[in-house]
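Here numbering that gives the first Met the number 0 is used: the first residue of the sequence shown is 0, the next is one more, and so on.
Treat the hints with care, since some could be wrong.
As the list claims (entries may be wrong) - Straight-line Cα separation of at most 30 Å, DSS-like style, residue types lysine-lysine; simulated pairs:
#1 K258 - K211
#2 K258 - K130
#3 K211 - K151
#4 K151 - K246
#5 K272 - K130
#6 K157 - K130
#7 K272 - K246
#8 K258 - K157
#9 K258 - K272
#10 K157 - K211
#11 K130 - K151
#12 K211 - K246
What the hints assert, rightly or not - Quick list of simulated restraints, FRET-style, between CB atoms:
#13 A105 - Q269: 22 to 28 Å
#14 A148 - D104: 33 to 39 Å
#15 E242 - H69: 45 to 51 Å
#16 D265 - Q116: 38 to 44 Å
#17 D66 - G147: 31 to 37 Å
#18 R134 - S42: 16 to 22 Å
#19 S79 - Y128: 27 to 33 Å
#20 N132 - R255: 35 to 41 Å
#21 I209 - A229: 22 to 28 Å
#22 R134 - A229: 34 to 40 Å
To be clear, the hints were calculated from the coordinates, so they are not data collected in a lab. Every value quoted in this text rests on a predicted model; they were computed, and no experiment measured them. C-beta atoms are modelled at their ideal positions from N, C-alpha and C, and glycine is treated no differently.
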Amino acid sequence: MKFSFSKSATLIMASLTCLANGQTLTFVGDINLARRSVEDWASIFTPVRFALRGDLVIGNLESPLTDQSHGRQGIDLRASPSAVAALFPYTHLSVENNHAQDGGDAGQLQSRRILLQHDITPVSTEPTYWKVNGRILALLSYLDGPLGAPIKTVQAAKEQADEVIVLPHWGAEYDAVTPRQREQARALAAAGASLIVGSGPHVLQGSEHIGKTLVLYSLGNFLFDQPYPATWLGGAAHVTWREGTWKACLQPTFSRGGKLRSASRDEARQAAKKTGLLRCTVWK
Numbered sequence: 000m001k002f003s004f005s006k007s008a009t010l011i012m013a014s015l016t017c018l019a020n021g022q023t024l025t026f027v028g029d030i031n032l033a034r035r036s037v038e039d040w041a042s043i044f045t046p047v048r049f050a051l052r053g054d055l056v057i058g059n060l061e062s063p064l065t066d067q068s069h070g071r072q073g074i075d076l077r078a079s080p081s082a083v084a085a086l087f088p089y090t091h092l093s094v095e096n097n098h099a100q101d102g103g104d105a106g107q108l109q110s111r112r113i114l115l116q117h118d119i120t121p122v123s124t125e126p127t128y129w130k131v132n133g134r135i136l137a138l139l140s141y142l143d144g145p146l147g148a149p150i151k152t153v154q155a156a157k158e159q160a161d162e163v164i165v166l167p168h169w170g171a172e173y174d175a176v177t178p179r180q181r182e183q184a185r186a187l188a189a190a191g192a193s194l195i196v197g198s199g200p201h202v203l204q205g206s207e208h209i210g211k212t213l214v215l216y217s218l219g220n221f222l223f224d225q226p227y228p229a230t231w232l233g234g235a236a237h238v239t240w241r242e243g244t245w246k247a248c249l250q251p252t253f254s255r256g257g258k259l260r261s262a263s264r265d266e267a268r269q270a271a272k273k274t275g276l277l278r279c280t281v282w283k
C-alpha cells in the first residue's frame, strides 16, 4: 500500500514505506472501548483497516482493560480485558490520560500487563525505545500537569535516541488549541522533542512546525461514542521523516455512536481544514 499527499489537483507521490532513511509512523487519537458489546471486538477497526498501516501504529487508549472495580467518581471508561482483541492493529498505545485510573492502581497495572501480553507496547512517562529503519525512536507520554518531569525526560531521551516523540494528553475538551498547549509544545521542542502528537480535546485541532519539530495538537476521536457532532470527525495521521523534518498527511475518519468508518469527501475536506494537514490518497 502507498500513501500520497493530496492538495487540490496536485499530487505529490511518496511511498510511506520506502522512503530512504525514513520511517512511517501512523497516529490516531482517542480510543474508547467501553460501553460496547463483546461480539464485535475483532471487527471494530475493519472499516478503516487501510489507514492503520505503518512501521509503528500508535493511539491513545482511554479505556483501561481491567475487571477491577471502578476506583473513583465520574465517567467510567473501563473496558473488558477481552477488548484487547480489537487492538491487534496497534504496536503502541499511550496509557497516560484522565481515565487511566478508572480501575485504580490495580486496574492500571492489569491493563498494561494485558497490552504487553498481546505485543502492544504501553507508552507512559518513562520512554520506550524502538529502532525503525536504522533510527532509534524514543516514545513517551504524559497527562497534563507540571511540565518539569516531562522536560527532563525528553532531555534524557534525546541523549539516547535519534528522535524523541511525545504524546501529551492535554488541552480543553471540545475546544481550540489553548495557550497552555502552545507553551508546552515550545518547551518540549526546546528540550529535544522532534514530534509531538496530542490527545484529549476529543476534537481535531491544528498543526504547526516549531523549527523542525512537528506538532499535531489533537487528532480528535478515533473511536468513541460521544454525542457531540464536533467529536465525530477524526483521522489517522501518517508521518514520515523527509528532508530532515517530519511531514504528515491525514486519512480522515468518522466515529459516531462507537461505530467507525472512512470520512466522506466533504468530511475529509473539513478534517484537512481543521488540522492544516494535507489529505492522504491511498493506492492498494
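Results for each hint:
1. K258 - K211: Violated, because 36 Å separates the two Cα atoms, which is more than 30 Å.
2. K258 - K130: 34 Å, violated
3. K211 - K151: Judged against 30 Å, a Cα distance of about 20 Å means the pair holds.
4. K151 - K246: 26 Å, holds
5. K272 - K130: The hint is violated at about 33 Å.
6. K157 - K130: 14 Å, holds
7. K272 - K246: 16 Å, holds
8. K258 - K157: 39 Å, violated
9. K258 - K272: 23 Å, holds
10. K157 - K211: 15 Å, holds
11. K130 - K151: 22 Å, holds
12. K211 - K246: 10 Å, holds
13. A105 - Q269: 22 to 28 Å: Since A105 and Q269 have Cβ atoms about 41 Å apart, the given range 22 to 28 Å is violated.
14. A148 - D104: 33 to 39 Å: 19 Å, violated
15. E242 - H69: 45 to 51 Å: Check passed, 49 Å falls within 45 to 51 Å.
16. D265 - Q116: 38 to 44 Å: Because 42 Å falls inside the window, the suggested range holds.
17. D66 - G147: 31 to 37 Å: Cβ of D66 to Cβ of G147: about 35 Å, so the range 31 to 37 Å holds.
18. R134 - S42: 16 to 22 Å: 34 Å, violated
19. S79 - Y128: 27 to 33 Å: Given about 31 Å between the Cβ atoms, the range holds.
20. N132 - R255: 35 to 41 Å: 37 Å, holds
21. I209 - A229: 22 to 28 Å: 26 Å, holds
22. R134 - A229: 34 to 40 Å: 36 Å, holds
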